[in-house]
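Given the coordinates of chain A, work out where chain B should sit on it, guided by the hints.
Spelled out, the chains give:
Protein chains: 2
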Amino acid sequence: MRARDLVEDYPLVRLTDDALAAARLIAEQRRPGVVVVDGEGRPVTVLPGSQVLRFSVPGYVQEDPSLARVYDEQGGADVCLRNLSGRSVKEVLPPEEKRYELPMVSGEATVLECAATMARLRTPLIVVSDDEEIHGVVTASHLLEVILNASEPRA
Amino acid sequence: MRARDLVEDYPLVRLTDDALAAARLIAEQRRPGVVVVDGEGRPVTVLPGSQVLRFSVPGYVQEDPSLARVYDEQGGADVCLRNLSGRSVKEVLPPEEKRYELPMVSGEATVLECAATMARLRTPLIVVSDDEEIHGVVTASHLLEVILNASEPRA
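Respectively, the protein sequence lines represent chains A and B.
Under UniProt numbering, the first residue of the first sequence is numbered 1, with each subsequent residue one higher.
Under UniProt numbering, the first residue of the second sequence is numbered 1, with each subsequent residue one higher.
So here's chain A without its partners, still in its complex pose (with noise of 0.2 Å):
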């Protein structure tokens, strides 16, 4: 079994998308993030839902969560998208250097070079990708499954 057998659909964005078309996405398909896109389609960095609140969220409410409170329900879901709207993708990423390594592996890796490539870079899901296709990601969950079915003892 290799990545390309293993891969699950995995919402995409393009980096001149809007941010609040992103947030969308991972509100309604519950997702932890997003996979970034350039132009061409290939894969730059994921967005997480984490980055996406880092961004909207005044940035003294951050520092003191308690100050959230002087905020009533509306209120605070206003200055939130407030801070979002009108801003591309690119905009609400985090500056270059501190951006996600996108984990990549080809269709070609076998099941334990996934697990290694996840386990050193300690993410939940990597990128399965050729040249420029990206045929999928797989998760850390998935991967787990795949090890633990093949311990069953074999006939």
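Note that these hints are calculated values from the structure, not bench results.
Even glycine gets a Cβ: it sits at the ideal position worked out from N, Cα and C.
Keep in mind that the hints are not guaranteed to be accurate.
FRET-style restraints, in silico, Cβ to Cβ [said to hold, decoys possible]:
id, chain 1, residue 1, chain 2, residue 2, range
1, A, R82, B, R69, 49 to 59 Å
2, A, D38, B, Q74, 38 to 48 Å
3, A, E97, B, Q74, 18 to 28 Å
4, B, N149, A, K90, 34 to 44 Å
Below, chain B without anything else, positioned relative to chain A:
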């Protein structure tokens, strides 16, 4: 709306549980990880699936994932299972100074307070807990949904 209204169930494991059972829980429920509690049920940390892989994949393969190809499929799975087998969750966790700070809020926390805590700690989920009782977890994607829906024009 408060944190306790937003919680979802999340799999818990004890420090003394079998590491293979924790791996199976992550695999079957397709979770990025599990919350670890102590003997009194108090939350201690999060055990991510990538950490289970980190513990099970041989160190030299993590250093150079291309070495994974010295194993065939069954051999690769066997070496991982051997490393996990007979271990407790506690043994598989990173050393204490490298563990994930367990992000926690009280059941009374507002949406913005949850978002601020998640943003500050760059985590995709937080545990909601009062005194000794764990109510559940709140995910970043769920919070984004609540914030986005609050933006609908009010009558």
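Evaluation of the provided hints:
no. : hint                          : in the structure
1   : R82(A) to R69(B): 49 to 59 Å  : holds (51 Å)
2   : D38(A) to Q74(B): 38 to 48 Å  : holds (39 Å)
3   : E97(A) to Q74(B): 18 to 28 Å  : violated (41 Å)
4   : N149(B) to K90(A): 34 to 44 Å : violated (25 Å)
Violated hints for the displayed structure, listed by number in ascending order: 3, 4.
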